[in-house]
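A.B. asks: Protein chains in written order, with this note's numbering: chain G, 1 to 85; chain V, 1 to 85.
A few of these clues could be false.
One copy or any two copies: either way a pair holds, since identical chains are not told apart in the list.
Subject to a maximum C-alpha distance of 27 Å in a straight line, what follows is the list of computed BS3-like cross-link-like pairs (lysine-lysine) [as the list claims (entries may be wrong)]:
(1) K3 to K35
(2) K3 to K85
(3) K12 to K85
Worth flagging that the hints you see were computed from the coordinates, not collected in a lab.
Here's the letter readout for the chains.
2 protein chains.
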Amino acid sequence: MPKGDASQGEIKTPSCRFCHGSNGIAPRPDYPNLKGQQAEYLYNSMQAYLDGSRTGTMSAMMKAQLKNLSEQDIADIAEYYAQMK
Amino acid sequence: MPKGDASQGEIKTPSCRFCHGSNGIAPRPDYPNLKGQQAEYLYNSMQAYLDGSRTGTMSAMMKAQLKNLSEQDIADIAEYYAQMK
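Modelling step: build the complete structure from the supplied sequences, incorporating the hints.
C.D. replies: See the structure below:
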């Protein structure tokens with residue numbers, strides 16, 4: 001996992017906010033809160049959507065959201081949410 | 001998803017605590033915090049380990065932890081963590 005930059009992550013999260021909330025608290029009980037979540041877990045989860053090890057509900061949508069992001073982008077986003085208070 | 005009972009969930013979480021913390025904050029950055037997470041998301045995630053739609057890192061371990069739990073048990077555990085402050 002590359003070292004994430006939270007300030008860069010913030011710039012890269014507009015599409016995340018629709019479902020995970022602008023404050024990292026999801027507006028629906030079937031979407032996860034991301035605020036304060038562990039960075040490496042978030043990074044691994046996003047990679048799992050991309051590499052096909054997470055399938056089922058939401059996975060096609062998540063893969064579509066993530067497919068144009070680099071590993072650095074994903075690390076930045078993970079760090080942004082991990083640092084959110 | 002059955003309606004969860006947080007007080008029942010608390011009784012059913014001893015094995016969860018080793019990795020997710022007794023306060024729902026994971027001691028390692030590759031394990032997710034569960035404190036205050038959305039109940040339905042937690043329920044769906046546990047079911048995804050059981051039904052094989054989550055594979056990859058940790059999935060075999062998670063499936064082993066969950067395989068003897070009923071849908072009600074899983075709903076109770078999800079509600080317990082969702083209500084944790």
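A.B. asks: Each of the hints needs a verdict: does it hold here or not?
C.D. replies: Comparing the hints with the structure gives:
1. K3 to K35: both (18 Å within a copy, 25 Å between copies)
2. K3 to K85: within (20 Å within a copy, 30 Å between copies)
3. K12 to K85: within (18 Å within a copy, 29 Å between copies)
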